[in-house]
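K.L.:
Which chain is which? The protein sequence lines are A and B, in order.
For the first sequence, this note's numbering assigns the number 18 to the initial residue and increments by one for each residue that follows.
For the second sequence, this note's numbering assigns the number 18 to the initial residue and increments by one for each residue that follows.
Mixed in with the good hints there might be a few duds.
Over 12 angstroms on every C-beta distance to chain A, these chain B residues come out as not near it, computed from the model [stated by the list, open to error]:
hint : residue
1    : T66
2    : R73
3    : V75
4    : R93
5    : S99
6    : P116
7    : E140
8    : A169
9    : L171
10   : Q190
11   : P229
12   : A256
13   : Y283
No more than 30 angstroms apart at the CA atoms, straight line, and that leaves these computed lysine-lysine pairs for BS3-like [stated by the list, open to error]:
hint : chain 1 : residue 1 : chain 2 : residue 2
14   : A       : K202      : B       : K282
15   : A       : K282      : B       : K202
16   : B       : K149      : B       : K202
17   : B       : K60       : B       : K72
18   : B       : K149      : B       : K293
19   : B       : K202      : B       : K60
Simulated from the structure, these hints should not be mistaken for laboratory data.
We treat Cβ as the ideally placed atom computed from N, Cα and C, and that holds for glycine.
There are 2 protein chains.
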Amino acid sequence: MAIDTVDFASTGGRHELVGGSATFASLAAGLFTDVRMVGVVGKDFPQTTLDTLKKRRVDLSGVQIVEGETFRWHGRYNEDLSARVSLATHLNVFEHFHPAVPAPYRSSDLVLLGNIHPSLQAEVLDQVEKPKLVAADTMNFWIHGTPNELRALLSRVDLLILNEEEARDLSGQRNIARVGRELLKMGPSRVVVKQGEYGAYLFDEHGPFHAPAFPIEDVVDPTGAGDTFAGAMLGWLDAQGAITPATLREAVIFGSAVASLCVEKYGTEALLNAGKDDIDARVGAFARLVRHEHAPA
Amino acid sequence: MAIDTVDFASTGGRHELVGGSATFASLAAGLFTDVRMVGVVGKDFPQTTLDTLKKRRVDLSGVQIVEGETFRWHGRYNEDLSARVSLATHLNVFEHFHPAVPAPYRSSDLVLLGNIHPSLQAEVLDQVEKPKLVAADTMNFWIHGTPNELRALLSRVDLLILNEEEARDLSGQRNIARVGRELLKMGPSRVVVKQGEYGAYLFDEHGPFHAPAFPIEDVVDPTGAGDTFAGAMLGWLDAQGAITPATLREAVIFGSAVASLCVEKYGTEALLNAGKDDIDARVGAFARLVRHEHAPA
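With the rest of the complex left out, here is chain A (with noise of 0.2 angstroms):
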């Protein structure tokens, strides 16, 4: 959980903004099914984002709320918003963070965990019973640096999502068909490779499928789209009430449409003004994307 200040070329500046994996996460997931958050903020955390999340389906009772400020981050993102620099990462009160996973919490079907220190992430499954899916999310930083730590998660992982540039560093591969192969190999059954403006991948015992990212002419802040991704493909997933091969493919569908609505956006504003007709639509649009027959003949 996060606030953002980010500085975009053409736009300008946008200041404290509430953010964060987990909140990105959760508002996506609270679209589809109840969500059980764990996380920290400082006691600057604005209350009515608390309100707000609440009222999203979120349950906040993981939230450690205490002394000092929340992580913050400054970002700037180039004139066409397909890169962005971090200029200053504040941890604050999530340095000395440690999940806490309430008793109501650890019955959980569904685990995501979010890009921390593998340990951390460790910490977060020893504390839940026998979930169906536990899917992980890491990144570069936890690939060179903690190398070990993050092949003994991996073992207890059934799902990685990650960036394509991460999937390659891991892997240890460049061609996307390898990519996915080597990292089943890690242990996860199944695993995203997000590929940003490109889509996505899930590569499971099933093959290969794809999804294309909803092409969005004005995309406003790509920021947390890949939270958003993975929060919504696992409360869609979760609605289900069935994991398969096809729902996790579906799954993966919804992940992309309600992650192309929230780049039209600044921050979590569009994650909160979604509702279920503006997720139809899109899903409906993306149909049309990849489906030739929905085309006049």
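Given the coordinates of chain A, assemble chain B onto it according to the supplied hints.
P.N.:
This is chain B only, laid out in the frame that chain A set:
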């Protein structure tokens, strides 16, 4: 039509392979329909290849065989085949080439204008009657070198097919949705943007359509993949008898499928050996790649 020498960092060099846009595109189109080829070769071009083309449904009466050497290209790929450089290009007999369209070709329904000077592309159009669809490829060299001639040509083109980098260059946009919109304003009522390993987009008045590139673990030689895509797309379309939004979209899938076969062998080898079963199998695998309901429920 060319003779290519290609260096591969990991698998060594391939000397004097038969290649060229027209060769790849004609062989690919010939998998589906009768093809009428226009081009030029020198006396050094292998007669066996000409014989093979004829057997592959390719009419060569528009191919000039003249004194001198065939166009030659020498290129080098990097280790992971993600990039290549041109080491040498010898125009040879291509330098003074003017396409001459034989009388029996002039009533062709579909015309594919290969990537040559836009004034030569226009010369071809001047020699055909009323095609149902004129498709054209182009490249950065013409986008920057002959912008006025290219703009004039585009007003006569129904389907523009080009690489993403070239599409960005020509449109002045980076975002794929904006690229598509801007290119449609330049004349063609349909635009295909080839994204290499990320697949291809079709834009027309019915909205965007996307097909991924089929993920191939053992890419051997990417040379000619884009030309194969265009040739297979038009060849398949011609075999359908009707050009509709739906058949155009399905043609993109067939283009992608045949291109994915092409890169599994050096030069034109895969196209020469591809049978109906291979194509059907790849198109079937394509359906599983983008349709969630093809996986076990």
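K.L.:
Evaluate each hint against the coordinates.
P.N.:
Comparing the hints with the structure gives:
no.	hint	result
1	T66	holds (30 angstroms)
2	R73	holds (27 angstroms)
3	V75	holds (27 angstroms)
4	R93	holds (17 angstroms)
5	S99	violated (6 angstroms)
6	P116	holds (32 angstroms)
7	E140	holds (33 angstroms)
8	A169	holds (28 angstroms)
9	L171	holds (21 angstroms)
10	Q190	violated (8 angstroms)
11	P229	violated (4 angstroms)
12	A256	holds (15 angstroms)
13	Y283	holds (17 angstroms)
14	A/K202 with B/K282	holds (27 angstroms)
15	A/K282 with B/K202	holds (27 angstroms)
16	B/K149 with B/K202	holds (20 angstroms)
17	B/K60 with B/K72	holds (20 angstroms)
18	B/K149 with B/K293	holds (26 angstroms)
19	B/K202 with B/K60	violated (43 angstroms)
In summary, the structure is inconsistent with hints 5, 10, 11 and 19 from the numbered list given earlier, while agreeing with the others.
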